[in-house]
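I would like the entire structure built from these sequences, with the hints used as guidance.
2 protein chains.
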Amino acid sequence: MSGWYRNGTSVDSIPIDDRAVQYGDGLFETIAIRAGKPRLFDLHLERLERGCVVLGIEMPDASKLENDLASAIEQSQETPAHSVAKIVVSSGVSQRGYGRKKPSPASVVIGVFPSRPVAAESYREGVNTILCTTRLAVYSATAGLKSLNRIEQVLGRSECLTGDAFEGLMLDAEERLICGTMSNVFIAVDKTIVTPSLDRCGVEGVMRSFAIQSLAAEGIEVSVRDVALDEFRDCEEVFLTNSQFGALPIRQCDGKTLVPGRLTREVTAILARNGITECAL
Amino acid sequence: MSGWYRNGTSVDSIPIDDRAVQYGDGLFETIAIRAGKPRLFDLHLERLERGCVVLGIEMPDASKLENDLASAIEQSQETPAHSVAKIVVSSGVSQRGYGRKKPSPASVVIGVFPSRPVAAESYREGVNTILCTTRLAVYSATAGLKSLNRIEQVLGRSECLTGDAFEGLMLDAEERLICGTMSNVFIAVDKTIVTPSLDRCGVEGVMRSFAIQSLAAEGIEVSVRDVALDEFRDCEEVFLTNSQFGALPIRQCDGKTLVPGRLTREVTAILARNGITECAL
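So the sequences go chain by chain: A and B.
Using numbering that gives the first Met the number 0, read the first sequence as starting at 0 and increasing by one per residue.
Using numbering that gives the first Met the number 0, read the second sequence as starting at 0 and increasing by one per residue.
Worth flagging that the hints you see were computed from the coordinates, not collected in a lab.
Be a bit skeptical, because a hint or two may be false.
Any copy will do: because identical chains look the same in the list, a pair fits if it lies in one copy or spans two.
To be verified - Straight line, CA to CA, 35 Å or less: simulated DSBU-like cross-link-like pairs of lysine-lysine:
#1 K100 to K85
#2 K63 to K100
#3 K85 to K36
#4 K85 to K101
#5 K255 to K101
#6 K255 to K100
#7 K63 to K36
#8 K190 to K255
#9 K101 to K63
Right under this line is the structure:
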């Protein structure tokens, strides 16, 4: 059955005293399951480990995590071709109050759910986006991490639900382009691929890392740096990355209309050759 | 029994799909219970309502909240003289993904727990504090609110557990003094009482608001403005406020030793006269 598992056993609740509930004191990973297997699992583990170091949570044992995930996938009986797993790692139940001894033992729950592929048309023609009015706070202690503190993304994503926007792009409080509410963003400037630095805020997506790596392996360097709003407004191409959909061109944002260009095509082709099959046009 | 209640019924867990667990998508209030009654309940409701507006959660009905809290206090059978209630309001269970229609109906759980009074000596002589190395991100969309996104406070408070610090003071990423991990801070500068502005980050404590109001009623104006670290280092007196302990002088912080001074004495006396009985020396 689709749902949540803890140590291989189906669960549908969590103790109220778990610090995930009380303080969002934890991390998560959202992993694409394709043909019954987790995709880019090593990159997810890497990011999870970075988060555990910053939050002072013991990194769960990788092979137990892999086994528990495999067991959850098997028990969930989802269509193996296309589903999504979510691993939630918290600092567990502890005394009341913000403080805890570090590192805290990790408490892990794993959910497996059906997911719908994005329409092929969106890969060919691009998706509509908006520029969110919600701004990301800067100089966050958890910049780049996928922590359970996600109110900014909740507010940004909720802005997308009123229209037909596939995604909302978010600026930081100092008007730099940072990322989408559930994706990372890449732009083409002077025939170079640029993606915003995530040192101050934002989430370092696994597909973003995989795209940067895959492009580097083909001799294409991605420039990771600050992107001012004006530069975004003037850029030639824009695409989004996300662990579930791979890469998608942007067709529309903030009054600007774009046509998926040569660099975006090159990136999606490279991702497709590297196992992100949705990106094969 | 000490513990959690939902709609008057004892509970010890919450659905994993609750957005409090997944995203910290909610708010909380920590209320002092004295002689079986919630203290400063109206100020807690006011802050909760401000948070509900920003997060797009329907404000729970105030009289139902009051009744449910009274029922939880009664069922908890705590020593009525000194306990603490925590009201957690989340946007509830919803579809997976960050987005939700706003306003979302509120999901409410209420916990009641025993609490220990701070020693009389601390009120007289002050408490030891540290300056946390964890910095608060600036220009937060939830600045001032008591949201469930509290990783910064978790990290800051955890720094206090290694020594004998009663509290950790937190700076923002631009080196301004903001607040304690679980308290607000006031300083005396040139015989004026100053408390940091919380427009960019930090939590607007209920006791902070009550102190400002109570002082204003006696003709003493508190200046709410930015406080640079250097100004803090040079100041004459420092005290903390919190809904549980009222106000406490700081004796030590960051190598600086202080003696509770005239303004701090004046503030605690005013709070004591206004029902914050712990502050009566």
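Verification of the supplied hints:
1. K100 to K85: Both, since 26 Å and 22 Å are each at most 35 Å.
2. K63 to K100: Result: close within a single copy only, 24 Å intra versus 37 Å inter.
3. K85 to K36: Intra 13 Å, inter 42 Å, cutoff 35 Å: intra-copy only.
4. K85 to K101: Result: close both inside a copy and across copies, 24 Å intra and 25 Å inter.
5. K255 to K101: between (48 Å within a copy, 27 Å between copies)
6. K255 to K100: between (50 Å within a copy, 26 Å between copies)
7. K63 to K36: within (15 Å within a copy, 48 Å between copies)
8. K190 to K255: Within. Shortest intra-copy distance 19 Å satisfies the 35 Å Cα cut-off; inter-copy 56 Å does not.
9. K101 to K63: within (22 Å within a copy, 39 Å between copies)
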